[in-house]
Amino acid sequence: MLRGESISLGDLLNTKVIIPLIMVIISFYGMIHVLFYGQEASYGVSRDLPWGLLIITYTTMVVSSTGLCLISSMGHVWGFKNFEQIGKRAVWLAISTLMGGFFAIFWDLGAPFNLHALRLLLYYFPPKFSSPIWGMATFYSLYLLFIAVEFVSLLTKKWKFAMIFGLLAFLAGVAAHSNLGWLYGTNIARPEWRGPFFPIDFILSALLSGTALIVWLHFFGGNMKKDEKSMRLMKNLGRLMALFIGAMVFFEIWKTISGLSGHIPIEYESTIALISGPLSFNFWFFEIIIGYLLPFILLFATRFDSPKIIFLASILVVIGIFFNKYDIVISGQIVPVLAAYYHHVSYIRYLPSLSELSIFVGALGVASIIYFIGEKLFYLGENNE
Amino acid sequence: MKNKEKRYGFVVVLDRCIGCMACVAACNTEWRIPMEKEDWRTNVLAIEDHINGSPKVTYLPVLCNQCDNPPCVEVCPTGASYKREKDGIVLVDTDMCIGCKACMIACPYDARYYNEAIGAVDKCTWCLPRTSNGLKPACVSTCVGEARNFGDLNDPDSKVSKLLRDATKVWRLQEEKGTKPEVSYITINK
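Quick mapping for you: the protein sequence lines, in order, are chains A and B.
With the working numbering, letter number 158 in the first sequence gets 1219, and the count goes up by one each step, no holes.
With the working numbering, letter number 122 in the second sequence gets 207, and the count goes up by one each step, no holes.
Isolated chain A, as found in the complex:
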């Protein structure tokens, strides 16, 4: 299970860990600001736009965690032998990114220094089936439990357990993540979000970002030059990524058309904010061009033959997914709900504050530290030694 050699603190604090550690230290700025001035003075959010960068960070990181779990399960759960080589790394990264997401949401919830988040445990019962956040807390807790057992089973080569708990983690991940989609999709106050397709959209973006992150893992952990199996997996990951990009673009096109058609108040203005308003640079440049078009063109232009290009495409995709979540979260709130009564609509301004940015960096740092420490502590390669 653990690596054979004894590991000192010095080994753990290698250069891979030092950079994320600095990232976590950067987040102290935001935390201290919140301690002295409170969340309201520290974050760029407002009463009109209460969900900002920290919710976006949480959403992006749990998207990645779910995607990593789903794609990694293809090997030891669904029997695609070629995917077995990345199973452990991907599952460990899924745990790491989930922790990064929890870090971000913790600082977004009210009164973090008074641990108000723990009230969710205190008042967990009776069940609140109508609350997407209650459902999300339930399913993400189960997901974390299952994925942890799956990881231990993979390390100890208990394949049957790995398959069972991999399947359970898969189901809990889909449930938790579609719940997150439900949180947006059932909102009657924000027509831009309202609709049944958000849970599907969220699962799809999870698959895309999970695939992209597995490309990262495989690019650094695999041996494409000497091992044909490794190269084949890289090509398959590239193809999967192209497929999921295509599906995301398909959703994006129809979501935009649906947002524009009928001039439905608030929904129309929110869509305009994306395509030609304050979010248009994010939408067109970061999401559409960087996130979808460029990687898609790069992948097809090189016919999935170049691991470097597939890796480059995966970096672009991860950036695109982050901005996809940014655009979703902000566009749903950018038009005030009271705009329904006015003839002219004005947009709410939102710019992440330094405190939010520092905690965003910290969340990435938390996920990276956990991953790199795990890489040092556990043997994450394929179990054929």
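Hints were generated in silico from the structure; no laboratory data involved.
Heads up, the beta-carbon is just placed ideally off N, CA and C, and yes, glycines get one too.
Hints are not guaranteed to be accurate.
Partner residues aside, some chain B positions facing chain A, computed with beta carbon under 10 Å [claimed, not checked]:
#1 E90
#2 M120
#3 L130
#4 I132
#5 V158
#6 G184
#7 K186
#8 A191
Once you've looked at the hints, dock chain B against the given chain A.
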């Protein structure tokens, strides 16, 4: 909601509101609202329009609608937001709130805000401490034109019941969203 002892209702006579903002000031004083956040619990929107080429401003007082089907209660993960059975007032138990702000996001009336001083989401309660003692909500007491009115809709002789009976037009905000709001907007002029 059925079997309520009282069915508190709020009736806004739109053609009586002059936009003096005395209601907002009374609310601020009653609830000690911080400076620059005067519109936290209630507000009066000035809606500009052009009728036959002439500009016209309509004042629209807004406050919590104490919905009978409140989306804010539905989304609360801890049960901190709840609707009182006996009178239908939607309240927040501040000791149970985790500050996720899902209720703020879910409210189509922008009636909620996060109050960092109490570490919880807060909202208009139609001045529950006052109404429990037989007083009117602060905004109703101070309204010079009697545009804001409060009372028991189960009592046919209450002022609000009479206003609804005599109104030339009655509507509720964003009723199509299925929230069943308890604030009625009326006009009394023909």
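Hint check results:
1. E90: Where the cut-off is 10 Å and the nearest Cβ of chain A is about 24 Å from E90(B), the hint is violated.
2. M120: violated (14 Å)
3. L130: holds (6 Å)
4. I132: holds (6 Å)
5. V158: Hint on V158(B): holds, closest Cβ of chain A at ~8 Å, below 10 Å.
6. G184: holds (2 Å)
7. K186: At about 4 Å, which falls below the 10 Å cut-off, the nearest Cβ of chain A leaves the hint on K186(B) intact, so it holds.
8. A191: With Cβ-Cβ at 6 Å, under 10 Å, it holds.
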